[in-house]
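Residues per chain, in single letters:
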Amino acid sequence: MRLSPDLIRLAVPFLALAALLAGVFWLQPRAMSYTGLNLLFNLAVPIALATLAQMFIIAVNDLDLSMGAFVSFAACVTATFLHDTPVLGALILAASVAAYAALGVVIHLRGLPAIVVTLGMSFVWLGLAVMILPAPGGAAPAWLRALMTVRPPLLPMALAASILIALVAHLIIARSALGVLIRGVGGNERSVARAGWSVLRAKAAAYALAGLFGVLAGMALVGLTTSADANIALRYTLLSIAGVILGGGEFVGGRVSAVGAVVGALTLALAGSFLSFLRLSPDWQIGAQGAILILVLALRLGLDALERRRRGRA
Amino acid sequence: MTRPTLSAAALGSALAAALSAAALPALADTSDKRIALSNNYAGNSWRQAMLTSWETVTKPAVEAGIVAAADAFTTGENSATEQAAQIQNLILEGYDAIVLNAASPTAINGAVKEACDAGIIVVSFDGIVTEPCAWRIAVDFREMGRVQVEYLAGRLPEGGNLLEIRGLAGVFVDDEISAGIHAGVEQFPQFKIVGSVHGDWAQDVAQRAVAGILPSLPEIAGVVTQGGDGYGAAQAFAAAGRPMPIIVMGNRQDELQWWKEQKDANGYETMSVSIAPGVSTLAFWVAQQILDGREVPKDLVVPFLTITQDTLEANLETTPVGGVANVEYTLEDAVAVIEGAN
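Taken in order, these protein sequences are the chains called R and B.
Using this note's numbering, you'd call the opening residue of the first sequence number 1 and step up by one each time.
Using this note's numbering, you'd call the opening residue of the second sequence number 1 and step up by one each time.
Please keep in mind that the hints were generated in silico from the structure rather than gathered at the bench.
Since this is a predicted model, take the numbers as computed values, not measurements.
Backbone N, C-alpha and C fix where the C-beta goes; we use that ideal spot for every residue, glycine too.
Some hints could be false.
[As the list claims (entries may be wrong)] Counterexamples of contact, computed for chain R against chain B with all Cβ distances above 10 angstroms: (1) L39; (2) V97; (3) G111; (4) F123; (5) G127; (6) P136; (7) A160; (8) I163; (9) S176; (10) G187; (11) D229; (12) E250; (13) A291; (14) I292; (15) L293; (16) L297.
[As the list claims (entries may be wrong)] Sample of chain R residues at the chain B side, in silico, Cβ under 7 angstroms: (17) R30; (18) S33; (19) G36; (20) L43; (21) L167; (22) H170; (23) L224; (24) T225; (25) T226; (26) I232; (27) A288.
[Claimed, not checked] Have a look at the derived ranges for each label pair, beta carbon to beta carbon: (28) B/T330 / R/L91: 52 to 62 angstroms; (29) R/T85 / B/M244: 28 to 38 angstroms; (30) B/A239 / R/T85: 33 to 43 angstroms.
Same shape as in the complex, but just chain R (with noise of 0.2 angstroms):
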């Protein structure tokens, strides 16, 4: 039986998380409950969210340096707009989508490097959460509170929006006409505008998604935490980046994958679990976090060149 290169790519960040819940399940046996999951997969759901946001840049060969501070931006909105005045808060949150878009456009026409667009955008965002929200505070809408702590049946609600976001995400990236466009811009630019396709408004639709799932991000954010910081979310720039190539994208070639970000983004966050079930020391814990990540990203590399060896051969 031969497996197909891309089937082994998704495979990989599934075998990660099963190997690291298998690790908790063993460290902290309370965890095998359907509370135990939700709290450890909880706090996943925003990160997985922004993973995503992250996986749209990266479609187009980009790379989106300011998400933390984005996501942060959206929380503040989030717990002060959004819950005192909701019709103001969805226009502000709409606008900063828009001004995503936005960002893609001029990145494109300008030839700018995204790195350095995002990056400075970052401060912008930084500025604009502090001046919102200069204090931690804020509450979080009580319909965003509920939702993120609905109790489903069966299935707890970190897990269950997961899924659900992995494939609308899915259904998006792979699946859509606007998807296939997208990952065609950032495998070969020049041939899908030979095509006739306006490569412009790939690039304006890919960061205006991942303006809508950053903002979703900070939504889902403050549902959990109940109020906001304007530094709430700053973790997750880096994070968001290790989530997509963790879960088989690749930073150039429109090689993306929606599944794999979301498993990658909960593997990222329930290694940081495993390390704290384990007592390692914290002076250790982000070198630890690291290793996996190495180990993960090696085991794809391996995978990848036995594949190519396969190949090589028949």
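Chain R is already provided as a structure; the job is to place chain B on it using the hints.
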């Protein structure tokens, strides 16, 4: 981590220890209870001292069987989301109480609520959380500012000009201490604040700032500070050749050292006030008392550590170079704080 098996004798001696320590009847037994410390940051001397104090106080408590475990957890990065995840892990590990110094007063409320819903006692200190189900051991920074003016009023009944050294602009603690100082000046109107600079809680910054403003100031009778800035202020006054005012110190080792030198040389008198990092141990005992079934109000105020002319030498001796004067709390201290709030 294995849970110690409790023989009847050990249980008895633990109870005896708890009883003799508290001189109060234990309402319930806490010898099988496990307490966790959730800490968001360990990157400065204050936090290091806080963790050391926790270790020093909880280890004998665990050995004496007062509680079954008191483990400290610090997140790798200082971030609210990471601490929220850490707290959720502690819930899963089945701790009976979580003592925490929070990365954000609000952003981990969701996780704190999860813990409360799981029946876990949550006690926050220093970095407190606003979630109503948690206990708060807060620092009364306002009072810390006010007592400085009160002390000066005792020393200088006729009043005089004050120089205020503030902390880091825009930080909540700076606003609170400064508000307390201004309230103190209102209470003792013989004093007048003639100048105010930001020392950023650092000796070098304070020294530069004070040196810069000194030439424009009349004679200064007292300097009110926020801690970490007294030594720098003294250096600036000395360099300018001005008469040395009463500078309120902030428990840092260099401040106490300078004070001691002056005291020996010319009988210089002042006071020193700040928060002891050992407040983590107060939180530990409060959590233990709540687990013990004691009625504890949700909001407690931590006493700050005041050093006077008489206690200077003793405190200087126990304060490491470059560190902060510290005090570790006992069960009686915690009981006193709880009684004081009731």
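Verification of the supplied hints:
no., hint, in the structure
1, L39, "violated, 4 angstroms"
2, V97, "holds, 22 angstroms"
3, G111, "holds, 35 angstroms"
4, F123, "holds, 17 angstroms"
5, G127, "holds, 14 angstroms"
6, P136, "violated, 4 angstroms"
7, A160, "holds, 18 angstroms"
8, I163, "holds, 20 angstroms"
9, S176, "holds, 31 angstroms"
10, G187, "holds, 34 angstroms"
11, D229, "violated, 4 angstroms"
12, E250, "holds, 27 angstroms"
13, A291, "holds, 13 angstroms"
14, I292, "holds, 13 angstroms"
15, L293, "holds, 14 angstroms"
16, L297, "holds, 20 angstroms"
17, R30, "holds, 5 angstroms"
18, S33, "violated, 9 angstroms"
19, G36, "holds, 6 angstroms"
20, L43, "holds, 5 angstroms"
21, L167, "violated, 25 angstroms"
22, H170, "violated, 25 angstroms"
23, L224, "holds, 5 angstroms"
24, T225, "holds, 4 angstroms"
25, T226, "holds, 4 angstroms"
26, I232, "holds, 5 angstroms"
27, A288, "violated, 9 angstroms"
28, B/T330 / R/L91: 52 to 62 angstroms, "holds, 56 angstroms"
29, R/T85 / B/M244: 28 to 38 angstroms, "violated, 56 angstroms"
30, B/A239 / R/T85: 33 to 43 angstroms, "violated, 55 angstroms"
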